[in-house]
Structure formats: C-alpha cells, structure tokens
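Chemist: Sequence:
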Amino acid sequence: MSGKKKSALADKKMAARAIKDSFIKLKPRTQVKNPVMFLVYLSAILTTILWIVSLLGIKDAPSGFTLAIAVILWFTVLFANFAEAIAEGRGKAQADALRAAKKDVEAHMISSADKKEEVSKVSSASLKKGDLVIVKAGEQIPADGEVIEGAASVDESAITGESAPVIRESGGDRSAVTGGTTVLSDWLVIQVTSEAGESFLDKMIAMVEGASRKKTPNEIALQIFLIALTVIFVLVTVSLYTYSIFSADQAGIPNPTSVTTLAALLVCLAPTTIGALLSAIGIAGMSRLNQANVLAMSGRAIEAAGDVDILMLDKTGTITLGNRQASELIPVDGTLPEELADAAQLSSLADETPEGRSVVVLAKEQFGIRGRSLEDKNMEFIPFSAKTRMSGVNYDGNEIRKGAADTVKQYVLDNGGSYSWECDEAVKKISKQGGTPLVVAKNHKILGVIHLKDIIKQGVKEKFADLRKMGIKTIMITGDNPLTAAAIAAEAGVDDFLAEATPEGKLQMIRDFQAKGHLVAMTGDGTNDAPALAQADVAVAMNSGTQAAKEAGNMVDLDSSPTKLIEIVRIGKQLLMTRGSLTTFSIANDVAKYFAIIPALFMGLYPGLSALNIMGLHSPYSAVLSAIIYNALIIIALIPLALKGVKYREVSAGKLLSRNLVVYGIGGVIAPFIFIKLIDMLLAAAALV
Numbered sequence: 001m002s003g004k005k006k007s008a009l010a011d012k013k014m015a016a017r018a019i020k021d022s023f024i025k026l027k028p029r030t031q032v033k034n035p036v037m038f039l040v041y042l043s044a045i046l047t048t049i050l051w052i053v054s055l056l057g058i059k060d061a062p063s064g065f066t067l068a069i070a071v072i073l074w075f076t077v078l079f080a081n082f083a084e085a086i087a088e089g090r091g092k093a094q095a096d097a098l099r100a101a102k103k104d105v106e107a108h109m110i111s112s113a114d115k116k117e118e119v120s121k122v123s124s125a126s127l128k129k130g131d132l133v134i135v136k137a138g139e140q141i142p143a144d145g146e147v148i149e150g151a152a153s154v155d156e157s158a159i160t161g162e163s164a165p166v167i168r169e170s171g172g173d174r175s176a177v178t179g180g181t182t183v184l185s186d187w188l189v190i191q192v193t194s195e196a197g198e199s200f201l202d203k204m205i206a207m208v209e210g211a212s213r214k215k216t217p218n219e220i221a222l223q224i225f226l227i228a229l230t231v232i233f234v235l236v237t238v239s240l241y242t243y244s245i246f247s248a249d250q251a252g253i254p255n256p257t258s259v260t261t262l263a264a265l266l267v268c269l270a271p272t273t274i275g276a277l278l279s280a281i282g283i284a285g286m287s288r289l290n291q292a293n294v295l296a297m298s299g300r301a302i303e304a305a306g307d308v309d310i311l312m313l314d315k316t317g318t319i320t321l322g323n324r325q326a327s328e329l330i331p332v333d334g335t336l337p338e339e340l341a342d343a344a345q346l347s348s349l350a351d352e353t354p355e356g357r358s359v360v361v362l363a364k365e366q367f368g369i370r371g372r373s374l375e376d377k378n379m380e381f382i383p384f385s386a387k388t389r390m391s392g393v394n395y396d397g398n399e400i401r402k403g404a405a406d407t408v409k410q411y412v413l414d415n416g417g418s419y420s421w422e423c424d425e426a427v428k429k430i431s432k433q434g435g436t437p438l439v440v441a442k443n444h445k446i447l448g449v450i451h452l453k454d455i456i457k458q459g460v461k462e463k464f465a466d467l468r469k470m471g472i473k474t475i476m477i478t479g480d481n482p483l484t485a486a487a488i489a490a491e492a493g494v495d496d497f498l499a500e501a502t503p504e505g506k507l508q509m510i511r512d513f514q515a516k517g518h519l520v521a522m523t524g525d526g527t528n529d530a531p532a533l534a535q536a537d538v539a540v541a542m543n544s545g546t547q548a549a550k551e552a553g554n555m556v557d558l559d560s561s562p563t564k565l566i567e568i569v570r571i572g573k574q575l576l577m578t579r580g581s582l583t584t585f586s587i588a589n590d591v592a593k594y595f596a597i598i599p600a601l602f603m604g605l606y607p608g609l610s611a612l613n614i615m616g617l618h619s620p621y622s623a624v625l626s627a628i629i630y631n632a633l634i635i636i637a638l639i640p641l642a643l644k645g646v647k648y649r650e651v652s653a654g655k656l657l658s659r660n661l662v663v664y665g666i667g668g669v670i671a672p673f674i675f676i677k678l679i680d681m682l683l684a685a686a687a688l689v
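So the sequence shown is numbered by UniProt numbering: it starts at 1 and just counts up by one.
Keep in mind that the hints were calculated from the coordinates and are not lab data. Incorrect hints may have been included.
[Stated by the list, open to error] Straight-line distance between alpha carbons at most 20 Å, and here's what the computed DMTMM-like set of lysine to aspartate or glutamate pairs gives: (1) Lys103 - Asp155; (2) Lys129 - Glu149; (3) Lys428 - Glu328; (4) Lys128 - Glu146; (5) Lys128 - Glu195; (6) Lys473 - Asp309; (7) Lys203 - Asp96; (8) Lys647 - Asp466; (9) Lys516 - Asp495; (10) Lys516 - Glu504; (11) Lys409 - Glu425; (12) Lys461 - Glu328; (13) Lys445 - Asp342; (14) Lys33 - Glu219.
Full structure from sequences and hints, please.
Modeler: Set out below in structure tokens:
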C-alpha cells in the first residue's frame, strides 16, 4: 500500500473508472442518499421534461434556454458523482492491490503444538477459528492467527508495502500474523483467529473500497443543516414564484419568471457545492489514512482524531529509538576500568539484545577488548529472567552477574559482599539523567555500573512543540521509575508522563481525562494495552501486536510505527479543516449568487432592485445561465482540494477559524462576482443570450 503516491486526477485509469461510475450513480436509489444533490437531480429531470414539452409548443421559457439549463444541471449532478467516484477510486485501486495478495493457498494442519506432524492438507478457505497450522520457510501464511510456537522472519510487504522482513514469535507483543504474508525463515505454529471471509485482509479491502464507510456524527449533523437550508430555499423559491405571478398580474405585465429560471435559482441558492463534495471529503480523508498505511475501522475514529486534545504515547519506539545503548562504564570501589569493561563484556557475550550488544561494542571501542568466542574458558551463561532480573556467566570458578541495581545489591549482600555508597551514588546519578543503570559484580564484589541511555528521536521535541501550539497535551507512558521518566520527559519536551505504567494505571488515566471532557488518543500493541485501547477515543493498535490489541483498537497501523499516532491526528484535523473550509466557501458563494440572479430576474417587476445589480449582467437569461454554469464548474474546480485537503497548519483553533473565514469566507464571496461576470461577458460576446 505504500510507495510513490500518484495524484488521483493524474491517473488516467482511475479517472476513466470514475467517469463511468458517475453515470452509474445516476440511479435514483443512489442519488437519494445525498438530499441536497437529489434536489439538483429532480431539478434536472424537471427542466428536461419542460424542454421536451416546449418542443410541443407549450413553452415555460425559450426552448434553447430550457435545454441549456437542463444540460448544465445534469452536468452538476455528474460532477458531484465524479467527485465521490474519484475519491472512491483511490480506495478501489488499493483494494485491487490487496486482492492480488489474497489468494487461496494450501494449509498444513496439525493436531497440537507439541506434535508438529502434519495431519492433513486443506484449502486456506476451509480453515476455521481455532485450527492449528504449521507454516515453514517459503510458505504463505494461510489465515490470520496467533503464533503459539516458534519464531520466524516474515515478509509483510503484501500488506504494508515495506520490503524489510519482520520477526514474529510466540509470546510477547509480536505474535499476531496476517493471512497473505510469507514466512521467509524457520517455521511457525499458528492458531487461526478468524473465520473464512472475516480476515484482516477482507476487512481492509471492504474499508479501503468505502463499502464499510458509515457517515460520522459530525457529517450527519452537517448534512441535516444543509437539508434545513435547502428546505428554506425551496420555500423561498416557491414563494417568489407565486408572488411574482401576483405582482405581474397587478402591474399588467408578463411574468418575468418561469419554472425553469426558478429551478435554476433554487439550485444556485442551495448549498450544492458542499453538498456535492461532502461525501468525497470524508472518503478522501479515509484514503489519506490508508495511504499512511493505517486502517480505520470507522470514520468516527478519523473524525475523533481531529478533535483529540490528549495524546498518550509509549516512550520506547515513539519518543526514544527503542534500543537503549551503553554509553558509559563507571568503575567503583577502586576497580580498574579495564577490569569492569572485561567483566561487562563477558556477561554480555550471549546477550543478543541490542542493549547487550552495545555493551560488547563499548568495551571494544573504549578499551580495545576484542570479542571472545562463546566456547572460551568453558563459559556457562546465565540467561536473563523476569524473576531474577539478572544475567551473567560462570567460568573457571568465577561468577559475573549483571542486572538491575536492587537485584544485584541483594545478590551481593546474600553472598557476604558489600554494596558501597559510591555505587549507590553512581546508580542515582544515572537515574536522574534519565538513564538505566546496570550493576556489574564479579565473585560477589561490585565492580561498577553500566550507563544505558535512551536515545531521544531526532525532531521529536519540535513535533511536541507543534502539538502544544494546537492545544494538544502530550503524555509519555513508560515502565521506568519516576526519576528516570521525569528526566526523559524533560529532554523530549512532553507535557506530562505516567511512570511505572500498568494496564490499570493507563485505563484510569484515560477515564480521568475523559471525565473532564477531553478526547484521548493512545497507541499500543500488547494484550495488556487492550483495556486502555478499548477505552480511548482514538486507539491505534500495531499490526505486529496481539490479536487482543487489534480487536480493542479502532485503527490498525500496518507499519507498526508508534509515531504514526501524530500523523493520524494531523490527518483527522485536516479532514475537519477541509470540511469546515469548503462549507464556509459554499455558503459564502450562495450570498454572492443571490446578487447575481435576484436583481436580474425581478428588476422588471421592481425597478428599485437595479441598485443591487452591481454585476451589471447582460440580461435575466444570461444572469441565470452564468450563475448555473459557475455553480457546476466550481464543483469540478474544488475536487482536488477536497481530495488533497486544505493545507495543514499547526496553529490554535481560534487562529485557524479566523484564517478560514478570511480565505474561504471572503474568497467565497468574491469568486462568484468575478467568474459569473466573466461567463456573462462570454455568453453575450457569443450572442448566446
């Protein structure tokens, strides 16, 4: 889904499909879903009938004029259909790419995880929830599932567009796999978590096509407002027609209005511009999110993202690079630096974590100690465990241990050693700086402390400053102790932090903010994040995370990038900005079109209205034609803006409102005056009116 983005209008194939869909959408059942444009649709049918009747000699207005109005109204409807179709076209193109990845493959079922002998070969389409399958290197994963045994490198490019393989393994927060991805190495035992036709890929296809898109509460509210305006204009137009008949009769002159001109007037005064583009704006917003490799399970979630004012972000992988690096070796109690470096490196030889490897590299770079073979000195490596919170190595009667300060302290004291004030001060100093201290002991004697440092991502502080300008409060979530968390929060520039975070703590914090009227967004990938994700207004689950997290969230990030939450908020705000801007422009347009048509139509009845004919239009017929042509063309002109969205600016809501009123409000009033006059001049010059 990633890759080079093309302009929807520049894609000839997509445009051709959108033109075809524009005609398909002329079905009454489809048109009635958009009440404002349904009024234009009925007006087009009415004027078409009036033109046919005029050919029989019963003229409501000159036949050529009636035909012109009918044609322009049909184009107005088609342009509105095209706006929606071109927005949907992006999703359909993405859906086609996803369908290419979704194919029926052979699945190797097994009876249980401990018995990996293949029981039967079945079609992936016949797999049911709970079935166990084994997938080996080079095979495609047949269905969505959880890895219950094994670890393997998986190619997820068919889903994410990212060519770099990822690791999926049993346990932890990277156990979920998606059907249609490919195992590149080793093997996985997978328990199927979805029924046929309900896989993540199926849901993605439905969502990106727009088939599952439901109108959001704000969109529904705006549509109700537009319908109310339209009803008012219908009543005004009917009243104008009856009153003009009465006034013309009293004045003893022919009625200057006709059903055709008043149908055109109604279409021009109704909020057709935003009515035509409203659906396209919503679909395009979802499409922009899809292009960012985020799948929204509802339009409501995108809209909520635009209103978010609390952003809860994990420290690791979001604010920091995710891998702490050994930055300093601090010897204590008279230990030689070389002795500490040697012990630290030996204890880390079997540690394949980025932190462990960084200790080996630091000892080599600072002290020239070359890495040793794991077979040297008959080494017995002690793996890290959550219970002991230590790791280390035994060799030739020596014991080296490396781990959390309190754990190593207890280990040393229990074995008759001592824990000095100097070591305690070194640990406190590292914690105050936001680092993680690891104490190293050899033969029950403290040698020193390793300073593991979280590396703050470049540009993160500036991003948080931008969010602050928008009125969004950022909160860092971390399992670190309060002292360490405070130091990292200060360096990163977040507004607040939650240290020693637990599932209960996250959930309670979200509830507290929501009780105060805030909208909260957060991201997570583990089963322990599921309660908080379910509670948050915008909940972004990582695609690499557990099934529980994905089911709890209302968005799924296919790239599994925790920083994506910031981009999601921007897309949500841009959607709201675009809708608000174009609504302002549309209503401002109607004010200008009032000055174009009303004076020109009724000057014959009320000469005083000539003072309002500030455009000086050629004739009543040219005034109506010019306005109705402009009304159709402005829809096409605004389609690129509806698809792309107005330019995103990180400013406060007050400043944004003021700017939009100036640009789209005043611009919406001025544009019709200029272009309606130009169209009128062209029509007059061509002697068409």
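Chemist: Each of the hints needs a verdict: does it hold here or not?
Modeler: A quick look at each hint next to the structure:
Taking the CA atoms of Lys103 and Asp155, the gap is near 16 Å; set against the 20 Å cutoff, the hint holds. Restraint check for Lys129 and Glu149: the C-alpha separation of about 17 Å stays at or below 20 Å, so the hint holds. For the hint linking Lys428 to Glu328, the alpha-carbon distance of about 15 Å falls within 20 Å, and the restraint holds. At roughly 13 Å between alpha-carbon atoms, Lys128 and Glu146 fall within 20 Å of each other, so this suggested pair holds.
Taking the CA atoms of Lys128 and Glu195, the gap is about 5 Å. The hint holds against a cut of 20 Å. Distance check on the hinted pair: Lys473 and Asp309 sit about 6 Å apart at the alpha-carbon level, within 20 Å; holds. For the suggested pair Lys203 and Asp96, the alpha carbons sit about 13 Å apart, so the restraint of at most 20 Å is met. A distance of roughly 15 Å separates the Cα atoms of Lys647 and Asp466; the hinted pair therefore holds under the 20 Å criterion.
For the given pair, Lys516 sits about 17 Å from Asp495 by alpha-carbon distance, which is consistent with the 20 Å threshold. About 19 Å separates the Cα atoms of Lys516 and Glu504, which keeps this hinted pair within 20 Å; it holds. Distance hint between Lys409 and Glu425 is fulfilled; the C-alpha atoms sit about 13 Å from each other, no more than 20 Å. The suggested pairing of Lys461 with Glu328 is violated, with an alpha-carbon distance near 24 Å, which exceeds 20 Å.
Simply put, Lys445 and Asp342 have alpha-carbon atoms about 15 Å apart, close enough for the 20 Å limit, and the pair holds. Note on Lys33 and Glu219: the hinted pairing holds, with a Cα-Cα distance of about 13 Å set against a maximum of 20 Å.
When held up to the earlier numbered hints, the structure conflicts with hint 12 and nothing else.
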